[in-house]
Amino acid sequence: MNKIITLLLLVLTFSMSAQDQLAKEVLDKLSSTTESYKNISIDFEFIFENKSQEIRETQNGKIILENDNFKLELDNQIIFNDGETQWIYNSDINELQIIEHDSEDEMMNPDKLFKIYEKDYKYTYIGAESKNGERLHVIDLFPEESNSFMKITLYINVIKNQLEKLILFDKNGGTYSYIINTFKSNSLTKPLDFNIDQYGDVEIIDLR
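Just add 29 to wherever you are in the sequence shown, counting from 1, and you've got my numbering.
Be aware that a few hints might be false.
[Stated by the list, open to error] Calculated pairs, EDC-like style, for lysine to aspartate or glutamate (alpha carbon to alpha carbon, straight line, at most 16 Å):
#1 K180 x E78
#2 K180 x D199
#3 K100 x D222
#4 K67 x D97
#5 K151 x E173
#6 K100 x E113
#7 K67 x E95
#8 K213 x E64
#9 K180 x D222
#10 K148 x D49
#11 K151 x D49
#12 K151 x E54
#13 K80 x D199
#14 K148 x E173
[Said to hold, decoys possible] Okay, the calculated beta carbon distance ranges per label pair:
#15 T153 x E124: 37 to 45 Å
#16 E158 x R237: 43 to 51 Å
#17 D72 x I122: 47 to 55 Å
#18 N161 x D131: 33 to 41 Å
#19 I122 x Q50: 45 to 53 Å
The set of hints was computed from the structure by calculation and includes no laboratory data. Here the structure is a predicted model, which is why all the values come from computation and not from measurement. For glycine and all other residues, C-beta sits at the position ideal for the given N, C-alpha and C.
Full structure from sequences and hints, please.
Shown next, in the form of structure tokens:
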């Protein structure tokens with residue numbers, strides 16, 4: 030009996046090791062492909078759900094990433110970040126807030142969010158599934174140290190080596206889903222820079 034248990038444990042350990050290695054290979058390939066782009070433009074749907082609290086909120090957005098800069102457009106908000114300063118424009122009240130960039134805020138740092146797999150997380154390969162006739166790798170990430178998210182699930186296009194969806198699971202039963210509808214690379218015709226003049230007569234609140 031002990032030999033059978035030992036054999037089962039060895040098989041299980043080998044299987045888990047193989048899954049982790051496969052996850053690493055997929056993530057390394059995704060990272061290499063992403064890093065090869067000069068800039069990225071993504072249209073996405075964001076869904077926040079907490080079933081125990083009967084909450085479901087959705088909105089559409091667009092992210093443009095170039096070097097340390099990103100521009101995030103949501104329903105009534107535009108966020109621009111150059112790696113040091115962050116500008117937040119609220120169109121419904123015509124207000125522009127200026128704050129210091131928080132490099133640790135994963136939810137407000139799209140560049141970090143879409144490369145979250147690169148460090149500080151353990152990973153395991155869950156399997157593959159099909160979506161609209163395309164094959165997707167499914168990989169779970171678990172933080173090496175305790176943080177606000179207990180798990181992150183990535184869905185990666187097998188052929189394109191592109192992220193299709195990611196879901197963040199918080200400790201309070203909430204899920205944050207980012208579903209990528211369109212993905213364009215190297216499509217910018219001019220540098221991604223912030224220009225305050227384009228907002229006209231706006232109220233500025235500087236919180237730096």
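Verification of the supplied hints:
1. Proposed proximity of K180 and E78 is supported: the alpha carbons are some 15 Å apart, at most 16 Å.
2. Of the supplied pair hints, the one linking K180 and D199 holds, its CA atoms being roughly 7 Å apart against a limit of 16 Å.
3. Straight-line distance between C-alpha atoms of K100 and D222 comes to about 9 Å, which keeps the hinted pair within the 16 Å bound.
4. Distance check on the hinted pair: K67 and D97 sit about 11 Å apart at the alpha-carbon level, within 16 Å; holds.
5. At roughly 6 Å between alpha-carbon atoms, K151 and E173 fall within 16 Å of each other, so this suggested pair holds.
6. Under the criterion of a C-alpha separation no larger than 16 Å, the hint pairing K100 with E113 is consistent with the structure, at around 14 Å.
7. At roughly 6 Å between alpha-carbon atoms, K67 and E95 fall within 16 Å of each other, so this suggested pair holds.
8. Straight-line distance between C-alpha atoms of K213 and E64 comes to about 14 Å, which keeps the hinted pair within the 16 Å bound.
9. Of the supplied pair hints, the one linking K180 and D222 is violated, its CA atoms being roughly 34 Å apart against a limit of 16 Å.
10. Of the supplied pair hints, the one linking K148 and D49 holds, its CA atoms being roughly 15 Å apart against a limit of 16 Å.
11. Between K151 and D49 the CA atoms are separated by roughly 9 Å; this keeps the pair inside 16 Å, and the hint holds.
12. Taken as a hint, the K151 and E54 pair is honoured in the structure, with Cα atoms around 13 Å apart against an allowance of 16 Å.
13. At roughly 13 Å between alpha-carbon atoms, K80 and D199 fall within 16 Å of each other, so this suggested pair holds.
14. Between K148 and E173 the CA atoms are separated by roughly 9 Å; this keeps the pair inside 16 Å, and the hint holds.
15. A C-beta distance of roughly 44 Å is found between T153 and E124, which places it inside the suggested range of 37 to 45 Å.
16. Here the CB-CB span from E158 to R237 is close to 45 Å, well matched to the stated 43 to 51 Å.
17. Hint check: D72 to I122, Cβ distance near 25 Å, so the stated range 47 to 55 Å is violated.
18. Under the hint 33 to 41 Å, the C-beta atoms of N161 and D131, about 36 Å apart, fit the expected range.
19. The beta-carbon spacing between I122 and Q50, approximately 51 Å, falls within the hinted interval of 45 to 53 Å.
The earlier numbered hints that this structure contradicts are 9, 17.
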